[in-house]
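Protein chains: 4
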Amino acid sequence: MIKVGVVGGTGYTGVELLRLLAAHGDVEVVAITSRAEAGVKVADHFPSLRGHYDLAFTDPVAAPLKGCDCVFFATPNGVAMSQARMLLDAGSRVVDFSADFRLKDRVTWEKWYKVSHASPELFSEAVYGLPEINRERIRKARLVANPGCYATAVQLALLPLVETDHVDHAHLVADGKSGVSGAGRKAEVDLLFAEASDNFKAYAVKGHRHHPEIVESLTSLEGASGRHIGLTFVPHLVPMVRGILATIYARITSEADFQAIFERRYAKEPFVDVLPAGSLPETRWVRGTNQCSIALHRPFDGDTLVVLAVEDNLVKGAAGQAVQNMNLMFGLPEVRGLEQIAVVP
Amino acid sequence: MIKVGVVGGTGYTGVELLRLLAAHGDVEVVAITSRAEAGVKVADHFPSLRGHYDLAFTDPVAAPLKGCDCVFFATPNGVAMSQARMLLDAGSRVVDFSADFRLKDRVTWEKWYKVSHASPELFSEAVYGLPEINRERIRKARLVANPGCYATAVQLALLPLVETDHVDHAHLVADGKSGVSGAGRKAEVDLLFAEASDNFKAYAVKGHRHHPEIVESLTSLEGASGRHIGLTFVPHLVPMVRGILATIYARITSEADFQAIFERRYAKEPFVDVLPAGSLPETRWVRGTNQCSIALHRPFDGDTLVVLAVEDNLVKGAAGQAVQNMNLMFGLPEVRGLEQIAVVP
Amino acid sequence: MIKVGVVGGTGYTGVELLRLLAAHGDVEVVAITSRAEAGVKVADHFPSLRGHYDLAFTDPVAAPLKGCDCVFFATPNGVAMSQARMLLDAGSRVVDFSADFRLKDRVTWEKWYKVSHASPELFSEAVYGLPEINRERIRKARLVANPGCYATAVQLALLPLVETDHVDHAHLVADGKSGVSGAGRKAEVDLLFAEASDNFKAYAVKGHRHHPEIVESLTSLEGASGRHIGLTFVPHLVPMVRGILATIYARITSEADFQAIFERRYAKEPFVDVLPAGSLPETRWVRGTNQCSIALHRPFDGDTLVVLAVEDNLVKGAAGQAVQNMNLMFGLPEVRGLEQIAVVP
Amino acid sequence: MIKVGVVGGTGYTGVELLRLLAAHGDVEVVAITSRAEAGVKVADHFPSLRGHYDLAFTDPVAAPLKGCDCVFFATPNGVAMSQARMLLDAGSRVVDFSADFRLKDRVTWEKWYKVSHASPELFSEAVYGLPEINRERIRKARLVANPGCYATAVQLALLPLVETDHVDHAHLVADGKSGVSGAGRKAEVDLLFAEASDNFKAYAVKGHRHHPEIVESLTSLEGASGRHIGLTFVPHLVPMVRGILATIYARITSEADFQAIFERRYAKEPFVDVLPAGSLPETRWVRGTNQCSIALHRPFDGDTLVVLAVEDNLVKGAAGQAVQNMNLMFGLPEVRGLEQIAVVP
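Chains as they are written, first to last, in this note's numbering: chain D, 1 to 345; chain V, 1 to 345; chain S, 1 to 345; chain L, 1 to 345.
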């Protein structure tokens, strides 16, 4: 059994991680930390976990994290960067849900996150945890930076296009739509039911933090290295709880069988499902699962390729991908604990 | 492996049953019938099942149902009553989701369902499939009538009160609230998103079909037999997909420790969770699970007892309870395949 | 033109009041106060008001409220009680949306609101602003306590029953259901979209603050004075933005034509609509309007009467009723500015 | 008073038109037709109209439409094309909500609508009812083709770009998102609450019927005539009742002050509101109103212009624009009856 610690278990990615770990089979959760809820039973805080967890939240200072084989940080940006070093030195492996180790370029990181990074020396060691790109490196990693939710869907939709030369890489458009849980369990007026329900809007059009993450990751792809990736990314808030749909628009510059390219690229991927050409994926089809489903369209056989990708932002976009990374890091079957079927309707 | 057939697999209880059976472990689904979708792959009809079912829907006439150990009818009222006899004769056991065998009194049945019953001779054999009342009879049953969704929640909230003598049994009030999936996957204007969203209403106040079912079942309880049960039941439609909450009002006629009565009654029940006194259960806590959670309140220490009960109408209120019944009928552990954790948020 | 000031214009009842006043015709809004948003254009804060208000929010200290004919307090409890005296002395009339002046009994008030009341001497002068009870007193009032949202719907559903002697007044049940806007524009986790959507729960079962308000008001009705009113009130949170539905259960003690009693009682009321017997009112039918629609049912012709009442919690339950009260106080036609048609769907 | 007839008053655009007409002031609705509901009081069918309409639905055959000054067709495609000729001959003017007269090219029309057109001779007379393009022609028109809902939002977002030469007209992208009411009041499984709620998907990616309408209209603009317009349009279904948001992506080919271009273009338009640069319009800001609000963004000062446009699909996208057209056709102030304020929250 892998001894697991969870830092920051009171948010949406935290409770989703706990749901997945409870049914995993090869892990034992030994500590779940929360400063605010220290002493409170986890199952009292999240009654959906009644009967599955007997633990109480521990104050982070007192938590036996150093004895853990694997520590997940389901925390806001800025927490993992201060604690990762200590845990790695103690022999733990770390999977960080936050953005602390997602970029390789410190200047870019500090520009976007507006603080000084506490452990920039770990940038080179940290592995960007998108298994579809970095599977082998993740297997050997001590520190994995779990990708952002939009970043996962957008990259999976773009990867086969960026690895080949049939579309204009300099003018990609990703129109993103996310359910409200993507914003986290934060008491903010904009996220209230009475504000977000029966409503639709774009946000962060000036620049969303997943933008540099996507661009850096795609630019540094083996074989695509050095290429210029130009991406316009506009996220929108959908009045639903979970789910991301990314609509990608790419200008075709040379003919190719895009369906075949996508199918080939993802033929062996357990969690990327290339649907029959012309499919119209729905976010609920993957709700609660670690799947990303992708469909290709070419309207009027013109020169614009449309790629649709759906995922559950809290699973493949967060906690599920983190478990997938843990499975890789500890030599377990990659799909272990991740075979849920979507709850539909 | 238990060979299972599913008659009518294209509705909401059908797809939920298929979700549960896919993860069950002791069953093999050999036929899923649908007249309208015959020949269509089940996973094309319900893309949430991609990778879990390779079967196509079979026309009911051609389906190898007679070779099944267990046949589930996830059909509208009126189907099972015509086919159950034949399947029982062929050695199958039958779990019927519809109302065809829920009542014992033919006159009452025909008054409420407005057709002549096709197999009234099976009324005496059919067992009402609420395990919390009829567990031992279900174990031996060939034909189980799976209870209605409201009927399950309301009965579980009322049982400990009806089995004891501390409230006025003649004037019980059950104010029910259900998500829209309870109405089924029917193309009706009233159920459209643009009608049911951002809206709330009562319906069937004149008389809901679960009313006679609840009253007959509670009246015929061992120990309560012959008692008069007077129940006012008003259902309401909630703009959510899944979930039922029943709010019960009972006049206290003699003092008792109601919390203790409920805890004792359900101490050994795997799927009824009596919450600490004063809890406020939410439907999402049990979404996708077979749990019914119950909480007791006594406002201002007055003479009115308030009981709150939540369940997922498609699981404990339908497909999950059906699997629970199948487990009992085939001597499997009662919880097999029913240990899902709620997807929250 | 009536010069109007609005204290606390940044919440949901505030923006709703501004919507109604903009289309009123006989009022001029001269000041809208907000400490937090002072200096910000009202139409920048609430873009739905673009083109309708040129004013900016004023700091409460600097606002020219004393020159106003009518001041609305769309503030949390505790604000109006400190400022009403000063405004009344300056010749303004005051309509308070909060609970500060809703009760007559100071001990009860302080028990429920848990602070010492700042102006208990105004209790006797304040008129409870339910026109269907107190129309003549409101016309002459300087200080009107606008009723709570649940309190309005529940009282309108109960009034004809409490004024007559055909049901058991000591054991009334009101099962209330409200949209999320009823909780106000407060950044609280419980009110987040990802918490409240696709979910249903009861709350405040131990005792909701509208309970003493309803009981005191009904107990002090002319003709009903001194009667004991026993009420069990359980509110529930519906995943919709606006709307309240109250389901009332009353035990019939002597026969009567309840439909006729209700129709007679409300025959001349412009904002109470007694629907044909057996109707099933929906909250959306009155969304955005000042109407309360009521329907009566008597299931199975038994001894339990069911009354259904719907209103928009922000209109008849708050801002609309406040405008109705203002119209009465200033001798305007009672319906002025309140003839909107519901936006359906 | 203008005598108005409404053909097909039982759908969503019908009830919205009736809401607007009831408050208009210069019209008298003399007939509302429905074959299915003939004889039923309009206010019984749409209880939100209680107190505002005393009329019953009339069978279309018997309706006194020929005596009307203005007849609105709130009908599916294929109805107006058969009846318009007769009404025009009788002296009525006609505003058609359907697509029957939206295109000028019969071959294109028949290709998209897959039937033979009944009155192609009226194509040349029919005026496309987007006042921001065709105001003067609408004033003189006898037959106005009211634009589609997406077509209105997308064209208003594109017009200033197509009338000038600063972006690549051949590669425009419009990512559309609509509330469910846009699909009409049709009993279809896909539109059920339990299907569309808590879900998000694209649809009609192969080709939506508003696509040819947008392209033909923009291509035939005065000054832009003959230009090639290349548009990729992907519509998506949002789990909300009303509202459209269109996100436009255009490649900038020469520098310009786009904010100034838009502000100048729409300076005198009563129903197009160009928001300050960088605004993030929300659909609810214009819910229930005839406004279209537009905001411009240029992420990272790059070469992609992003235009966001919101409207209420049932108002500016249907019934409101129809009333605006009627106002123009009858010489009334253009804004008459269209000054509602959005109901927020």
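Take the hints with a grain of salt, since some may be wrong.
Derived SDA-like pairs: lysine to any residue, alpha-carbon spacing no greater than 25 angstroms straight-line [said to hold, decoys possible]:
{"no.": "1", "chain 1": "V", "residue 1": "Lys41", "chain 2": "D", "residue 2": "Arg264"}
{"no.": "2", "chain 1": "D", "residue 1": "Lys114", "chain 2": "L", "residue 2": "Lys206"}
{"no.": "3", "chain 1": "L", "residue 1": "Lys140", "chain 2": "L", "residue 2": "Lys41"}
{"no.": "4", "chain 1": "V", "residue 1": "Lys206", "chain 2": "S", "residue 2": "Ala90"}
{"no.": "5", "chain 1": "V", "residue 1": "Lys111", "chain 2": "S", "residue 2": "Arg298"}
{"no.": "6", "chain 1": "D", "residue 1": "Lys41", "chain 2": "S", "residue 2": "Val189"}
{"no.": "7", "chain 1": "L", "residue 1": "Lys206", "chain 2": "D", "residue 2": "Ala36"}
{"no.": "8", "chain 1": "V", "residue 1": "Lys206", "chain 2": "S", "residue 2": "Asp303"}
{"no.": "9", "chain 1": "V", "residue 1": "Lys66", "chain 2": "V", "residue 2": "Leu55"}
{"no.": "10", "chain 1": "D", "residue 1": "Lys114", "chain 2": "L", "residue 2": "Gly302"}
{"no.": "11", "chain 1": "D", "residue 1": "Lys186", "chain 2": "S", "residue 2": "Tyr203"}
{"no.": "12", "chain 1": "S", "residue 1": "Lys206", "chain 2": "V", "residue 2": "Asp303"}
{"no.": "13", "chain 1": "L", "residue 1": "Lys206", "chain 2": "V", "residue 2": "Lys66"}
{"no.": "14", "chain 1": "L", "residue 1": "Lys186", "chain 2": "V", "residue 2": "Val189"}
{"no.": "15", "chain 1": "L", "residue 1": "Lys111", "chain 2": "D", "residue 2": "Phe300"}
{"no.": "16", "chain 1": "L", "residue 1": "Lys41", "chain 2": "S", "residue 2": "His52"}
{"no.": "17", "chain 1": "S", "residue 1": "Lys186", "chain 2": "D", "residue 2": "Ala36"}
{"no.": "18", "chain 1": "D", "residue 1": "Lys206", "chain 2": "L", "residue 2": "Gly302"}
{"no.": "19", "chain 1": "V", "residue 1": "Lys66", "chain 2": "V", "residue 2": "Arg142"}
{"no.": "20", "chain 1": "D", "residue 1": "Lys111", "chain 2": "L", "residue 2": "Lys206"}
{"no.": "21", "chain 1": "V", "residue 1": "Lys206", "chain 2": "S", "residue 2": "Gln259"}
{"no.": "22", "chain 1": "D", "residue 1": "Lys3", "chain 2": "V", "residue 2": "Glu339"}
{"no.": "23", "chain 1": "L", "residue 1": "Lys268", "chain 2": "S", "residue 2": "His52"}
{"no.": "24", "chain 1": "L", "residue 1": "Lys206", "chain 2": "D", "residue 2": "Ser254"}
{"no.": "25", "chain 1": "L", "residue 1": "Lys104", "chain 2": "D", "residue 2": "Phe300"}
{"no.": "26", "chain 1": "S", "residue 1": "Lys186", "chain 2": "S", "residue 2": "Ala38"}
{"no.": "27", "chain 1": "V", "residue 1": "Lys41", "chain 2": "D", "residue 2": "Gln259"}
{"no.": "28", "chain 1": "D", "residue 1": "Lys268", "chain 2": "V", "residue 2": "Ala43"}
Selected chain V positions facing chain S (in silico; Cβ < 10 angstroms) [claimed, not checked]:
{"no.": "29", "residue": "Pro47"}
{"no.": "30", "residue": "Arg50"}
{"no.": "31", "residue": "Tyr53"}
{"no.": "32", "residue": "Ala204"}
{"no.": "33", "residue": "Phe233"}
{"no.": "34", "residue": "Gly243"}
{"no.": "35", "residue": "Arg284"}
{"no.": "36", "residue": "Phe300"}
{"no.": "37", "residue": "Gly302"}
Between beta-carbon pairs, the in silico distance windows are [unchecked claim]:
{"no.": "38", "chain 1": "S", "residue 1": "Ala187", "chain 2": "D", "residue 2": "Ala277", "range": "58 to 64 angstroms"}
{"no.": "39", "chain 1": "L", "residue 1": "Val189", "chain 2": "V", "residue 2": "Ala56", "range": "17 to 23 angstroms"}
{"no.": "40", "chain 1": "L", "residue 1": "Tyr203", "chain 2": "D", "residue 2": "Arg227", "range": "23 to 29 angstroms"}
By construction, these hints were calculated from the structure, which means they are not laboratory data.
The structure presented is a predicted model; accordingly, all values stated were derived computationally and were not measured.
Virtual Cβ for every residue (Gly too), placed ideally from N, Cα, C.
Structure versus earlier hints - violations, ascending order: 2, 3, 4, 7, 13, 16, 20, 29, 30, 31, 38, 40
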